[in-house]
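Engineer: Residue numbers (this note's numbering), protein chains in the order written: chain A, 1 to 265; chain B, 266 to 541; chain C, 542 to 869.
If you are wondering where the hints come from, they were derived from the structure by calculation, not from laboratory data.
You may find that some hints are simply not true.
[To be verified] In silico contact screen, one side only, chain B against chain C (beta carbon under 7 angstroms); selected entries:
hint	residue
1	Phe388
2	Leu402
3	Ala500
4	Val501
5	Arg503
6	Ala505
7	Ser509
8	Val517
9	Leu521
10	Tyr524
Heads up, the beta-carbon is just placed ideally off N, CA and C, and yes, glycines get one too.
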Amino acid sequence: MTALLSIRDLTVTYRRDGSEVAALKHVSLDVAAGERFAIIGESGSGKSTLALAIAGLLPQSTRIGGRIDWLGRDHAPLGGRDIGFVFQDPSASLDPVMAIGEQIAEVAHTHLGLTWSQSYAKAKSLLERVRLPEPDAALRAYPHQLSGGQKQRVAIAAAIAAGPKLLIADEATSALDTIVQAEIVALIRHLVAEDGMTLLFVSHDIALAAELAERIAVFRHGQLVELGATAQIIASPGDAYTRALLDAHLGLDAEPLLQQAGASG
Amino acid sequence: MSPLRRFLRTPEAIAGAIILVALFAMALAAPLFFPGDPQAIAGAALLPPFQDWSLPLGTDRLGRDVLAELFHGARTSLAVGLAAAAAALVVGAIVGTLAGFAGGLVDEVLMRVTDAFQTVPGFLLALAFVSVVGPSLGVVIAAIVLGAWTGPARVARAEVLSIRERDFVAGARVIGMHPLEIAFREVLPNALPPVLALSSVIVAAAILTEAALSFLGLGDPNRVTWGGMIAEGRAVLRTAPFLSIIPGVALVLTVLGVYLAGEGVVETTAVRRNLS
Amino acid sequence: MTRALLLLHHRLIGSVFVLLIVVIGTFLLLEAAPGDAVDAYIASTGGDAGMIELLRHRWGLDQTALTRLANYLWALLHLDLGQSVTFSRPIRDVILERLPNTLLLMGSATALSFGLGSALGIYAGARPGSFRDRFLSIGSLTLYAVPGFWLGLVLIIIFAVDLRWFPIGGIESIASGKTGLGRAADIARHLVLPVSALGFIYLALYLRMMRAGMAEVWRQDFVLAARAKGLSRRRIVLAHVARNALLPLVTMLGLQSAQMLGGSVVIESVFSVPGLGRLAQEAVAARDTPLLLGIILVSAVLVIVINLLVDIAYAFLDPRVGASEAGV
C-alpha cells in the first residue's frame with residue numbers, strides 16, 4: 001500500500017491568554033492511501049487538533065513543530081478538493097441562512113469548474129448518494145428544517161462533493177442519537193469504499209471505531225499511546241490506557257465486539 | 266491582573282480616560298480660571314483666535330471670551346450628561362424590574378408604555394417637553410430622560426426575566442419575603458451589570474441631545490452651552506467660522522472620550538476570548 | 542408569505558394600543574403648557590379680552606380637557622388632525638405638504654448610511670485586526686461622536702461657502718420654473734449636503750455594527766466548515782459571513798428610524814429644508830400645540846409603519862423566522 005500521509009514529530013501549541021497549551025506532543029505516524037484509520041482519545045487527547053492540523057485548519061495563533069508530508073503529491077492539499085472534512089455538530093457547521101443545495105453546490109462550483117446549474121445537478125445526485133429523501137425539495141430547504149441525522153448527511157455530501165482523496169470525520173457521529181449514529185457510520189463506510197477514499201475517523205468511542213477502521217491510533221494528553229491493527233488492539237491491547245478504554249466498553253456488547261474485531265481487517 | 270491594571274492596558278480606555286479627566290478639570294476649574302460671568306463682554310467683538318493671548322480663542326459677536334465660554338459650557342454638558350444618564354438608568358431599571366418581575370398584565374401595560382415612548386422620536390418628545398414647560402437645566406434633563414429610559418428598561422426586564430427563575434429567588438419567596446422586596450433587594454442588584462453597560466452610550470446621547478436643544482434655542486438661557494455657542498456662530502458663519510467650529514470640536518472630543526472610556530470598561534470586564 | 546401576514550396581524554393590534562397611549566400621553570403633556578395657542582396668537586396679532594374668548598370658543602379651547610381629548614380622538618378616526626392656528630389651515634394638509642420632503646431626506650440618508658456603512662463594515666470585517674479595520678473602527682467612533690447639526694454647518698462652510706459646489710439651503714431653487722428631470726436634478730443638488738450630514742452619522746453606526754457582527758460570525762463553526770470546503774475568501778466573506786452579519790443591521794434599520802426622524806429636525810433647521818422636522822420647530826416657536834401634537838402623532842405612525850416593513854423584510858431574509866421547529 002502506498003503511503004498518503006507521513007507525520008513526523010508533530011507538536012502543536014495553542015496560545016491562549018498569554019499562556020501556552022501543548023495539544024500535541026511529538027506525534028509520528030503514517031497513513032496509507034485507501035485505508036480506514038481511526039484516531040481514538042478522550043477530551044483533551046489532541047485528536048481533533050490532529051485532524052485540524054492535517055486539514056490545515058488550525059488558527060493562526062498556533063505554533064506548529066515537526067512535519068506533515070503528503071507523499072505522491074507536488075503541491076499542498078487543498079480543502080474541499082483533496083480533503084473533505086465533516087465536523088461534529090451539523091447544526092453549527094451548516095450556514096443557517098443558506099439553502100443546503102447551495103452549500104453543497106458551492107463546493108462543486110469552486111473546485112470542479114462547473115456552472116451553477118451543473119453544480120446544483122451534482123448536488124442533487126450527491127443528496128441521493130447520501131440517501132436524503134426528496135432531494136429536489138431538500139435542495140431548497142434550510143438547515144433548521146432538517147433533523148440532526150439529515151443535516152450530517154448534507155455535511156457529508158458537501159465534504160465529498162469535489163471528490164477528495166481523503167475524508168476526515170471529526171467526531172462526526174458524537175452529536176447524534178445512537179441509532180442515527182449507526183446509520184451515518186454505515187453511510188461513511190459505504191461512500192469511502194465506493195470512491196476509494198482514505199478515511200480518518202476521529203472519535204472517543206473505541207467500539208464505534210472498531211466497526212469502521214482497519215487501524216487504530218490511541219491518544220492521551222497529546223501523545224500517541226498505541227498504534228496498530230484493529231483486531232490486534234481489541235484482542236490484546238499493549239498499553240494500560242487502551243486496555244482501560246476497552247474495559248469501559250466491555251459489557252453487553254463484549255461478545256459481538258470481539259467477534260466483530262475478528263471479522264474486520 | 267487587577268481590573269485597574271487591565272483597564273490601563275487598553276489603549277481605548279487610556280485615551281478615553283485622559284479626555285474625560287481633562288473635561289472634568291475644565292468643568293471644575295471654570296470658575297477658578299474664569300471667575301465672573303462668562304457671558305460678560307471681555308473685549309472687542311469677533312476677535313480671531315491666537316491673536317491676543319489674554320483671549321486665546323478669540324471673542325464672539327458680542328465680544329465674549331470664547332475660551333471662558335468653552336470652559337463654562339463644559340460644566341453644562343457634563344452636568345446634563347451625567348444627571349440625565351443617571352436618571353434614565355434609575356427610571357429604566359425600576360420600570361424594567363417591575364415589568365419583568367410582576368409579569369402578566371402589569372408587564373403588558375408597562376411594555377406598551379415603553380413602546381409608546383420608543384415610537385415617538387426621542388428628540389421630538391424632548392422638543393415638545395421643553396417648549397411646553399419652559400427651558401431650564403432641570404427641564405432639559407427631564408426631557409432627555411423621557412426618551413432615554415426605555416433602553417435600560419428593556420435590558421433590565423430581560424435580565425429580570427431570566428433571573429427570577431433562579432433558585433435564590435424561589436428561596437426568598439419561601440421564607441415569605443414580600444414580592445416588592447424580592448424584586449428590589451434580590452433581583453435588581455443582579456440585573457444591574459448589563460444595564461450599567463449602557464451608561465456610556467446614554468451619557469453620550471444625552472450630551473448630544475442637550476447640544477441640539479441648545480442649538481435650537483431651547484437650552485437653559487442662563488447658562489453657557491456649547492450648542493448655544495454654535496447657534497450664535499451660525500449668524501457669522503462666513504466671516505468667523507471658528508465660532509461654530511471650536512465648540513463643535515469640544516463636543517466631538519467629549520463624546521468620543523465618553524465612548525472610549527465606556528469601551529475601555531467593557532474590554533476590561535469582558536471575559537477574554539480566544540482569537541481564531 | 543403567510544408567515545409575514547400573521548406577523549403583520551399581530552403587530553397591527555399592538556400598534557393601535559401604542560398609538561392610543563401616544564395620543565393620550567402627548568395630549569396630556571401639551572395640556573400642561575402654560576397658556577395656549579390663543580395666547581400665542583394674540584401675542585403676535587393683538588386683540589382684546591373679547592377676542593380671546595371668541596377665539597377660544599371657536600377653536601374649542603374653552604372646554605374641559607377630557608371633552609377636548611374625546612373630541613380629538615373622534616376626529617382622529619376621521620383622519621382629521623384639527624386646525625393649525627399658525628397657518629389657519631387643516632393640520633393634515635400642512636403635514637402632508639411637508640412630509641414628502643422629510644421622507645426624501647430620510648430615505649436618501651438611510652440608503653447612504655446603510656449601503657455605504659455596511660459595505661465599509663464588510664471591508665473592515667473581512668480582515669479583523671488589520672490596519673484598515675482599526676482605522677475604520679476609530680474613524681467611525683469619532684464620526685458617531687459628531688453632532689449632526691454641527692456636521693451640517695461644517696459641510697456648509699466647506700462645500701457651500703468656500704467651494705460653492707452646493708447651495709446653502711432650501712430644497713430647490715426658488716421660482717426657477719424647472720420641471721421633470723431638471724427639477725429632480727435641482728432638488729438632488731440641494732439635498733446632497735443635508736443627506737450627507739444626516740447620513741454620515743448613522744453610517745458610523747452601521748459600519749460598527751457590521752464590523753462587530755462580522756467579527757462575531759467569523760467565530761462560528763460554519764465559517765470554519767466553509768474554509769474546510771476550500772471556498773474562495775471572497776465567497777466566504779460575502780456569501781457566508783456578511784450575509785449572516787447583515788441580519789441584525791436590518792433590524793437596526795427599524796430602530797434607527799425614530800432617531801433619524803428626530804435628527805431630521807435639526808438638519809432641516811440647519812439647511813432650511815421645508816420638511817416635517819422644520820415644521821416641528823416652527824410649531825414650537827409659535828406655540829401651536831395642536832400642530833405639534835399632530836406632528837408627533839404622524840411621526841409615531843411613520844415609525845410604526847417603517848418598523849413593520851422592516852420586520853417583513855427581515856422575515857424574508859432570515860428563513861428561520863416564524864418557522865416551526867425542525868420536522869422529522
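Engineer: Please name the hints from earlier in the document that this structure breaks, with their numbers sorted from lowest to highest.
Structural biologist: 2, 3, 4, 6
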